[in-house]
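If you read the protein sequences in the order shown, they are chains F and G.
Once you know that position 307 of the first sequence is 307 in our numbering, the rest is easy, because the numbers rise by one and skip nothing.
Once you know that position 251 of the second sequence is 251 in our numbering, the rest is easy, because the numbers rise by one and skip nothing.
It is worth saying that the hints were derived from the structure and are not from the lab.
Hints may be right or wrong, so weigh each one.
PhoX-like mimics (lysine-lysine), calculated; alpha carbons at most 25 Å apart, straight line [as the list claims (entries may be wrong)]:
#1 G/Lys144 / F/Lys309
#2 G/Lys144 / G/Lys155
#3 G/Lys148 / F/Lys316
#4 G/Lys129 / G/Lys148
#5 G/Lys144 / F/Lys316
#6 F/Lys309 / G/Lys148
#7 F/Lys316 / F/Lys23
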Amino acid sequence: MAMNQVNLEEKMTGIPAALWRYKYGLILLVLFLIYPLVTPSIYHLSLLIEVFIFTVFAISYNLMLGYTGIISLGHALFFGMGGYVGGLLMVEADYPFLLIIPIIVLIAIALSVIIGFLTLRVRAIFFAMVTMAIATFFWIVAQRWTDMTGGDDGMGGIIPPDLLLPRENYYYFTLIFMVLAYLFFIRFVNSPTGRILEAIRENEERTRHLGYNVLNFKIIVIVIAGIMATLSGFFYTLSMRFLHPSYLDVDTTLDALLMTVIGGMGTITGPFIGAVVVKPLEHVMSTYTEHWLLIFGIIYVLIVLFLPKGLVPSLKDQADRLRLLGRKLLSKN
Amino acid sequence: MNSEYILETRQLDKYFGGLQALNKVDLTVKSGQLVSVIGPNGAGKTTLFNVISGNFHPDGGSVYFNGKDISRLSSSRLSQMGLARSFQITNIFDNLTVEENLRLAVQSRGASSFKMLTHYLSYSDYIDKASEISRVIGLEGKEKMIAKFLPHGDKRKLELGLVLALEPELLLLDEPTSGLSIEEIPSILEVIQRVKEDKNKTLILVEHKMDIVMKISDYIYVLHHGTIIAEGAPLEISENEQVQEAYLGGAV
Ligand SMILES: Nc1ncnc2c1ncn2[C@@H]1O[C@H](COP(=O)(O)OP(=O)(O)O)[C@@H](O)[C@H]1O
Ligand SMILES: [Mg+2]
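Next comes chain F alone, as it looks inside the complex:
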């Protein structure tokens, strides 16, 4: 029976094969598409919007940490930059939504390239520390420049364009955002460039000796990750209709890190699983305790200790082992 299944998969090529390979994703997509039609709960829609956005944020972190082995301790700087620059341009300068997107994307590119060239050629820890320093600097500016940002009180009134105003529409918008990000993500990691990223993660020295300019490829990754995180931050701000310095703080970076690790570093499904697990849990826990981050820290350590590949790959390993065991039990000798 297992044989037949293999044959079926091997026979299919092209689009049917691709559809089959991503069958679970497609089923999920259909469920997400009809979900707003069956539930009137704004709360649940908002939670899902958050999951979609943070999935993209986690994809961006996964590309760096999971695929290339680059550690950023300040990825929130892009998330928050997208939120603040986008939000302020909208409120203070009345820029239209469609103009803001290319502007923040260009800023993300410029920031990534500059940070990349300055730090990535030195030790790996430099990139981690410098991103953290810049995120902290932005955070301080957001806190202190109260005239502009409202400081710790945050700033409201950041309203999506009319078309995206109804909650359902914004839901579909962010769903599309996530799907597009996923389509890009899957193609990218399976491209010649994507394979080089894994080579860098596995063995940077040898990758160099194969003739690859490692710095260039790392910069490509942080630029892409920076763009994704920036857009995530902007769309999150529009979803909340509110800006707050916390978008730039360590917790936001930790969110991306946790989602990547919990979902499984360097896996396709990881970012979505991570976001689906972490975001709702955060909501639940933050209503009971202020120490949810501490609890996440403990969960994180437990996962690293016991499920080092992340939740899903580890469960899959277990399932494979069980299946093997079952087959052994059922076989005749």
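Knowing the structure of chain F, use the given hints to seat chain G with the ligands on it.
This is chain G with the ligands only, laid out in the frame that chain F set:
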């Protein structure tokens, strides 16, 4: 520059703290030859390879490749220019398959490394080339194995395969037979021999097994405490007293 030489080092120095690992090393390699560098453990052979291949920059002196000063170039640049090396301590992609290891090397010679939206398997010529290399190094049938699960001898073959796949003009091989069983050595030697027969390829070999070195080399340099103490054709070297002394005194 004398363009008769594909590689030339001039007065090469390399220090590690107080230790001088290379001391005024002058080395010339003619195109199409196989030149061996021998010497006891710790003589500086690997360091010499590290400096030539761009892992370290020299503290003094220069390296010329096809007449061009390459002393300050990166290893990726040198690899692109056709200078590739293997490692004494196996340095492969442990968690990737044999095929993917080789395919990555082949890909770096193609023009697709910045293609971000096409599937890597759609470049089937890379895969064909990778399986050709795995046949050459005797790993056919093991293409789908994860590199870290290969037995030691096969890892050494893959190490060599990564260099072959780059189709370099100059190959630096650092003890390619180390850790191989007696039965495995001839097949590797055959591969090296075949590269040597290609007149467009030049080899620099670091090797401990003297019978191999004497048989296969066109020219030999003897390194001792970072200094070249002798050079010449195999016969001259085997008769050189100073060399024998260095080996008796310095070998472990
Ligand atoms: N990266 C390094 N840092 C410090 N010392 C080194 C390094 N590489 C080699 N050495 C030292 O340089 C000397 C030459 O080493 P090496 O080039 O590996 O010798 P060989 O390959 O001939 O056995 C040794 O004393 C070794 O300990
Ligand atoms: Mg050595």
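_For a quick check of understanding: which of the numbered hints are violated here, in increasing order?_
Structure breaks no hint.
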